[in-house]
Amino acid sequence: MTEAVATRKKPAVNYHRLFERVALVLVWLIIIAVFGAIMPRSFLNWGNFSIMFASYAPAALLALAIIVPLTAGDYDLSVGATLTLSSCVIGVLNVWAGLPILLVVLLALLAGLVVGLVNAFFIVYVRIPSLVVTLGTTSLMTGIVQWMTNSSTIGGIDNALIMAVVGGRLFGVPYAFYYALVAAIAMSYVFDFTPLGRRLLFVGRGREVARLNGIAVDRVRVGALVASGVISAAAGVLYAGVLGSADPYSGLNYLLPAFAAAFLGATTILPGRFNPWGAIVAVYFLATGITGLTMLGIPLWVTNVFNGGALILAVTISQLTRGREASDIG
Amino acid sequence: MSFGDGEGALTARSEGSASRTGLPPVLRLRNVAKTFGGAVALGGVSLDVAAGEVHGLLGKNGSGKSTLVKILAGFHAPDPGSSMEVDGQPVALPLKPGDFRRLGMSFVHQNLGLIPSLTVLENLRLSALTSPGRAWIDWKAERSAAREALETFGLRLDILERVDRLSPVNRALLAIVRAFEDIRSGLEGSGRPGLVLLDEPTPFLPREGVEKLFGLVRSISDRGSSVVFISHDIDEVMAITDRVTVLRDGHVAGSLVTKDASHDAVVQLIVGRELARSAPARTARKVERPVRAVIEGVEGPRLAPCSVTIAQGEILGLTGLIGSGYEELAYLVFGATRAAGGTLALDGAEPLELPAMTPRRAIDRGLALLPGDRQNASGVDSLSLLDNMFLPDVDRFFRRGLLDHRAMRQEAEALGKAFEVRPNDPIQKLSALSGGNAQKVLIARWMNRKPSLLLLDEPTQGVDVGTRQQIFAALRAAAADGMSVICASSDAEQLAEICDRVLIFARGRIVKELVGAEITKDRIAEATYASLDGMGALPPDERPEDEMQ
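Residue numbers (the UniProt record's numbering), protein chains in the order written: chain A, 1 to 330; chain B, 1 to 549.
By construction, these hints were calculated from the structure, which means they are not laboratory data.
All the given hints hold, so there is nothing to weed out.
Here are some of the chain B residues that sit facing chain A, going by a computed Cβ distance under 7 Å:
id, residue
1, Pro359
2, Val394
3, Leu402
Label pairs and their computed distance ranges (CB to CB):
id, chain 1, residue 1, chain 2, residue 2, range
4, A, Val34, B, Arg361, 58 to 68 Å
5, B, Pro355, A, Gly167, 54 to 64 Å
6, A, Arg17, B, Gly38, 29 to 39 Å
7, B, Gly38, A, Ile185, 50 to 60 Å
So these bits of chain A aren't anywhere near chain B, every CB distance computed over 10 Å:
id, residue
8, Met39
9, Ser50
10, Gly244
11, Tyr249
Note that beta-carbon positions come from the ideal geometry of N, C-alpha and C, so glycine has one too.
I would like the entire structure built from these sequences, with the hints used as guidance.
Here it is, written out as structure tokens:
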């Protein structure tokens, strides 16, 4: 009975799926067209887009960081705070302590690794829900950052970092964007072309199944959390480079768009799975919307409404299109 | 009542409170039938439960017991022509879910339906506390109602204790008291007796717990209510019930007054054997075969230390009543559940310590386990057939730094074809397949690795007849090539069909071994039900309550 139904439905599902895969890209093009029609001069020029691509690169990296533990079935809400921590480690050690920038960048990434390990310890070994742990470490890190920086923005970061991030351009787009692109390529390689990617997926979808098939479930989860710590620290490095300074407050604003992008990204390219290319598309979809609205002179609060609305809408759409199948993240 | 001390304990109880005169049967079923597709689950069952009576319902797996319970619970609609009376009043069928409460019935299922993280009070008063139309909760009144209910049945529980801190016995007792309390309030003053239905409440309880549970059942029937007691365990049914109805293949095989019935008569009704059994000509398979695995002293939560040896190419069946421990062995050997002790020696190699066994180690040594819980432990529904098939060994396809998706797809397609998976589309999600086909995919996963010892738990549960045969054929073929199989199953027919040898478990021990021509469906079923005979009484401290948690 079930078999017959499944066979009959197959071709229809495929067309449907194809549309689902590119739907977000189409919507993105549509909003570009709409803003372009309203503001042909100011919106539709390459300068505008190249700035957008560069300034949202840290957010893109953050979205990539989130999808690693999400795929393995854990939330990491602390990525925003880790980004801030990393950029402020750079500010404090480079500007105030005068350490060389290369060493400082490595220390910032190391800080991300430590955050990942701390999260993993409480989530995997003490068995506390990831939502609770990472919410806690977010506040913890925010406090530490305020203490470190005396709650002030630290300017004057070594020019080498700024040059490496926004100093050069390729096709008119600052390097920052390409770092995010390289990360997405690396991640989609791991997700789709290595056994590690399969393990990550199985650990997220069926822990017991994974365990009984000989996968070291705990080790995979720890690895995923450490990876998200390090990648969000890298996002912090980009952020410091883009701003040229370390800001103890604004980093957390990236958390919601990055989460929205991770979930929105899971409705496209490879629908039903958190996937790096989907996340990248989603980040720039949101960025386009916000940039366009801002240029129209719409007040600041609309940004928040847009991000929040997009997150909820994204999850709703993916749930509806997949019937009432259980969602991947519980 | 002394259940634990041998002979006298197992005699039927005296008439006592049974069949109060003048009252119509609490429950009267006439010709209740249920067909699923073309398969007859119930073929017209008629049965009366008198007021104040403890009525036993016995039967093998698949005899229709659970279908009957589900009809009463309003979960299945019976076929037209079925009729039902409660307290002499005809009831319109099918019942809606929840109707049973209005009719004065309540159920205690094996999982008890308690919420472990809430207190005794909250669990006991669950329906009262959550009923709509109350503006506030009078906690004082709730507390005294709960205390009163527990006191009525002599249950000494702290009402503020969390349920997960209770012993398994007290949890079961609490669930039964709650079931009785749920109907009591509705029946008060109406003079209707009410009915509590206990669906296999005992298999995981230690013996002295069973005794307490019986005491409780008796005080319920002393209050005039009826109890339907469903169990696999004949001894328990004989000890507690006034009357017994036996179902077999969806029909009533017989109805007996317990005190006039013998244990053997009941077994005969359940198994339905003709005494002159025609043993099917069973080709005696090769006996002299090299040993594949020696399992020594394996011990688990419900399994007392026991030893099993299996030869190359042998298919060994494990069976017993629920809770007898047979279902644990495969998980302990594979390291899926941590063993308390024991060793495993494969092909004459050094024995491995079982407590240190992990699934990874087991897989690396050529073991494979197909768990009984397909949805949660065996396959991932939301991922593709291909991913599910190659889960334990994706690394094989990692060549020159890339996963070879093409090779994976080709091999998955070939594998699907060999195991007759339909539809055979490796990219399809596992959830798109029927239960039987999904099981074929998961069996293919392990067989493809050519394990030396394949461990199966209920491999054909929820699998259609045709698929069953395909799975059996695949197992036999692999066994002929030297793979050894341990198959834990409660399905005697399946064991009879594929096994070279069957071990019967009871109360955590191996009590009987069937070989060769002895292996027939009837002999297995009979041995399973007789398994408690010769066991004698275990001292109460043999199986401490804490062990069950």
